[in-house]
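Visitor: Protein chains in written order, with our numbering: chain B, 46 to 234; chain C, 145 to 640.
Simulated from the structure, these hints should not be mistaken for laboratory data.
Each hint should be verified, as a subset may be incorrect.
What the hints assert, rightly or not - Some chain C residues close to chain B (C-beta under 10 Å, calculated; not the full set):
1. Glu187
2. Asp316
3. Ser317
4. Thr319
5. Phe359
6. Gly548
7. Phe552
8. Glu560
Don't be surprised by glycine CBs; every beta carbon is placed ideally from N, CA and C.
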Amino acid sequence: MLIIDWKPRFDGGVPARQSGRMGRKDRPIERPAVQADPIFAPTVDRLKATLGVDRGMLLPWLHAVQAEFGYIDDRIVPVVADALNLSRADVHGVVTFYHDFRRQPAGRHVVRLCRAESCQARGGKAIERAAVQKLGVAMGNTRADGQVSLEPVYCLGLCATGPNALVDGMPVSRIDAARLDRLIDQVNA
Amino acid sequence: MTRVFISRDMASVALGADEVARAFVDAGVEVVRTGSRGLFRIEPLVEVEVPDGRTGYGPVGPEDVSAVLAGTHPNRLGDVEAMPFFVGQQRFTFARCGVIDPLDMDAYAAQGGWVGLDAARAMVPAEVVAVVRDSGLRGRGGAGFPTGIKWQTVLAAPGPEKFIVCNADEGDSGTFADRLLMEGDPFCLIEGMAIAGHAVGADYGYVYIRSEYPFAVATMRDAISRSADRVAPFRLEVRVGAGAYVCGEETALLDSIEGRRGQVRAKPPLPAIKGLFGKPTVINNVLSLAAAPFILSHGASAYADVGFGRSRGTMPIQIAGNVRNGGLYEVGFGVTLGELVNGIGGGTESGRPVRAVQVGGPLGAYFPPSMFHLPFDYEAFAAAGGLIGHAGLTVFDDTVDMAGMARFAMEFCAAESCGKCTPCRIGSTRGVETVDRIIAGDRIDENLEILRDLCDTMKFGSLCALGGFTPYPVLSALEHFPEDFGGVSAFATAAE
Chain B
46 MLIIDWKPRF DGGVPARQSG RMGRKDRPIE RPAVQADPIF APTVDRLKAT
96 LGVDRGMLLP WLHAVQAEFG YIDDRIVPVV ADALNLSRAD VHGVVTFYHD
146 FRRQPAGRHV VRLCRAESCQ ARGGKAIERA AVQKLGVAMG NTRADGQVSL
196 EPVYCLGLCA TGPNALVDGM PVSRIDAARL DRLIDQVNA
Chain C
145 MTRVFISRDM ASVALGADEV ARAFVDAGVE VVRTGSRGLF RIEPLVEVEV
195 PDGRTGYGPV GPEDVSAVLA GTHPNRLGDV EAMPFFVGQQ RFTFARCGVI
245 DPLDMDAYAA QGGWVGLDAA RAMVPAEVVA VVRDSGLRGR GGAGFPTGIK
295 WQTVLAAPGP EKFIVCNADE GDSGTFADRL LMEGDPFCLI EGMAIAGHAV
345 GADYGYVYIR SEYPFAVATM RDAISRSADR VAPFRLEVRV GAGAYVCGEE
395 TALLDSIEGR RGQVRAKPPL PAIKGLFGKP TVINNVLSLA AAPFILSHGA
445 SAYADVGFGR SRGTMPIQIA GNVRNGGLYE VGFGVTLGEL VNGIGGGTES
495 GRPVRAVQVG GPLGAYFPPS MFHLPFDYEA FAAAGGLIGH AGLTVFDDTV
545 DMAGMARFAM EFCAAESCGK CTPCRIGSTR GVETVDRIIA GDRIDENLEI
595 LRDLCDTMKF GSLCALGGFT PYPVLSALEH FPEDFGGVSA FATAAE
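Only chain C is shown next, with the shape it has when bound in the complex (with noise of 0.2 Å):
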């Protein structure tokens, strides 16, 4: 009987693969339902299986069953792996993603699941550690911050009680890579989290999963009672978030899971001296604890060999917005900006020129064309003022108001201000207020002053990320579009 393999993702199923998924169904085919690969113009996807390998055809509706069984549907891709979009990637971490039931634990040891994990337990912790902190890996939530030396930390503090948290909280638009390896290869994950669990001494962990993922958290759920023997006697739970973004930050996370608002912790302590419940815990983001099972089956060096300058390794790059090839891009670090959005991105999807990238979610900076020089690389992003953040690209055409864009970034962060420090709960709605003063023209100049004290204050001022980003995305806009902002002569006043 012929095998269809059809994505079950949510951006998939949006797109309508559960109809087309039906239709074959009812034609007597074979489905699988597997992760998506990863590029949403092809979706929804069907890939027949031939004798040497699989067939894609993409998109399909439902009325394309016989087309595409008889091989003369239009969209033929052929091999989708050798699509110029696959064939350029270094799939470290999404290796399996779109290619097998993500449920299916007799695909993912096929696949080489649980080799990490065997390799690991055969060492002793700080070998372990060892291991992660020589494959460079930084932490991909945003932060950019060394894996092996946060487990360092928990491994070497006293406790019987220590946890591994999953921060899959991922609530920065333009990312979605989270969600994409929950959805595609969960075991994936909870490989990596009972490796951290073996590396510091920890027995429980916690996948916190924002709301919004509804499917993420039911094949999570899934996934973990499943594999509940094989990661034995590591045990892991799923909490579901309940709609808010500062939640993302790792302590107010902590504080969500314990039952309380979500609301930012002064640092220090950190988690991993007193984390959730007070206890020393791991707080790493998905793509993190993901990239675990790859470092410890293939040894620390064939991660660190791939990568630019300090930033080793792969980075599953999500490219967003209005672009024509949108979709996971995972690669080692020095890829260029301009790379990305034009030559891999296809450029617009509306086919207007590019006015605006903005990189790394909501706190992320804006960047012109004339800045798509910048490789992808976590220190030369922060030299040009932004941030790589969850490496997430959001592509703008030519239509974007780049003040209106400044305002939303102010309005975001005043809605989803956690409250705890005023920098970022009084802060934003006063900034919002100053933005739309410049907006309707009143004072530019010295509103456009105000606006960068306020953004200063804010930045340093801030407890966490939320407050102290959200200047990039306002500052970002000033500086590289100042024709949004009341005309070039008040910016250069302004600026002074």
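This is chain B alone, in the form it adopts within the complex (with noise of 0.2 Å):
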């Protein structure tokens, strides 16, 4: 018996591309004036002069505010929003969309082990599995003690050498019991 049996019907029933359908539009959006927070308005004036504020450039101004406070504040949405003549909506949808943005600080020391195919050949699994219990952290989290981030990733591209980690954005290689035990001692102290 088959529960599932429908089929999906995308002949022609896909609308075009509109164009303006969001991001910058011609014309600013008529909205409330933003009142940026004292904290944001340097670095968003720098990344004005910087950066510009030119099509396309709303990820390098979010890797820029990322690299500064080590994440992206929520206060911080609607500035960069009016700054590049988005909507908050458009800023929001990107920070959430993408994996790489944090909402929240990481720890002092972030772990970022590799769980796709060619590390999981390589005994990736078991890694991971020694790498939560030791350090104390669920894989997605970061300690209690905010001393640690444990987070996931797939592929760094050392396929060959796996099981692999960015440690602090080193790259480490051929993870064994030894170097996971190096590694603890590395984000612990």
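If you follow the hints, you should be able to join the two separate chains into one complex; please do so.
Guide: Written out as structure tokens, the structure reads:
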């Protein structure tokens, strides 16, 4: 018996992409003036000067904001939207779509452990279980003391020498029990 | 003074190349940091300059400086290019990778750099397009669409403003050729993009690199600023992704550059007609663009003479996962899967039998050793229910649980779906649940039938390859490894 017996109908039923459906508009959108939180004002002024407000600059802006504050505070979303002449929904949508953008600060150390197929083929799952247990934090979370965040990453392009991780931005390959212990000492220090 | 060459590639650094390089500098040796030659078993690799070339040692640790300099280190490899892994290769695209300092413009020019760009600029655009078309180059990102025809479409599209976009969002597990090239020979990609710019009448390019590749981002940015005068009036910039796998899909990538959520666009219109910011856009993979300098400098036939069937030229194949000689192997199409895995790859690193090889990343099919006769060719793999994709091979030994891998394929699709089309967004979640029921032994035959039907819906109903190709790993695991899904008898019943 088939429970799923429907077929999707995409034969011409997809509407053409409409220009200006979201994103930068020709004219400023009418909305209340945004009162920039004083802690964000210097950043936004600097980004206006360095990156500019040209089309498509939202991702570089968000990367810069995250590089400066460590995360993207909800309070800066309306300020960025105002500066780039976007709606708050546009900016919120982008911040929440991409896995890299965080809305809360990360731990002091960030361990990004690869979960993709090539690392699985080299024993990645066992390393992940050991890392979760020894670090005392579930995958995708920050430990309660704020010392370390353990995050999944899907492929670092080091696929012949896994299991791999990025520890505070530096790549580590061939992670076995001994190397994992050294990593854990490093992030607990 | 002695000169040594040590890779600064991310994979080499992950294995300790920085510490080794520092030890040599401390010993008063001149160290040249290169890209990686692409055989990771011998990294960190140190090559010592000798009168008739270079003598390699690897792997080497920071404590080995004096033994290497004295020539007594046990891991002496001799001339690295004479090793079996390298002798059989045809390095058209990766000729300089691992040999030169990737940011040394003089070394690049001395090794044949810029010849292709100068040759292209001596021609009218239509001639350049004709050369690329005659070379038989097909898109190396996975779809295998003829590059020359794509360029022709953009050349013919009206408009003063056109773009060249390089897709360097190499998210497939088991692939790293784009990263290796950007870190090891970035000027080659820049030259290829400038050739494409001349061929179609575009003067601006974007390189969209995933954020998981911080070394590639830094190297490309540096190389772009160093070569700005050389490629002018063509200009280009790097854009960094933000951890969304789906942005490797070309239209989602364009949306991401435009500053939106990376959501797939319905086609038509093709990006070649209405692409970035609505303008005609060439969007090509790193390897397609990086093949252009060779084609322009050596001629279309030098490239087209190599290959198999309708797959012309060379393919930088990436051998990864549980394999002894993992790395980059650039060779003409036609080599068999078995040769790659057991011959060149040397079998599994664990020493256990090979059970499955996934070809083409998370959206590629799993093949058992009984299919190792397949020649590496777009059509042959399509006929066998799989795809070449970006030519990454992930080798698994006999400890792999294929039902678990099928579940992972669905789970990955659920996590990375952009959410625009229903078959992918909902289908992947239902797929995880269905595989879970099968693994739990709950009405196996019935759930296998549901899973097949779900895969059928995703394959033909999804907007892009993420939802459309996720069925490949799932169905191939079902077909070739039924014993992992509740037994052969259950499979036989469901297949009727």
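Visitor: Give a verdict on every hint.
Guide: Here's how the hints hold up against the structure:
1. Annotation: interface hint on C/Glu187 holds; nearest CB of chain B at approximately 8 Å, less than 10 Å.
2. For C/Asp316, the interface hint holds, since its Cβ comes within 10 Å of a Cβ in chain B; the closest pair sits about 7 Å apart.
3. The restraint placing C/Ser317 at the interface with chain B holds, with a minimum CB-CB distance near 3 Å, inside the 10 Å limit.
4. For the restraint placing C/Thr319 at the interface with chain B, the shortest Cβ-Cβ distance is roughly 7 Å, inside the 10 Å limit, so the hint holds.
5. A least Cβ separation of about 8 Å between C/Phe359 and chain B falls short of the 10 Å threshold, and the interface hint therefore holds.
6. Contact between C/Gly548 and chain B, as hinted, is supported at the beta carbon level, the nearest pair being about 9 Å apart and thus within 10 Å.
7. Below 10 Å, beta-carbon pairs count as interface contacts, and C/Phe552 has one with chain B at about 7 Å; its hint therefore holds.
8. Taken as an interface hint, C/Glu560 checks out: its beta carbon lies about 8 Å from the nearest beta carbon of chain B, inside 10 Å.
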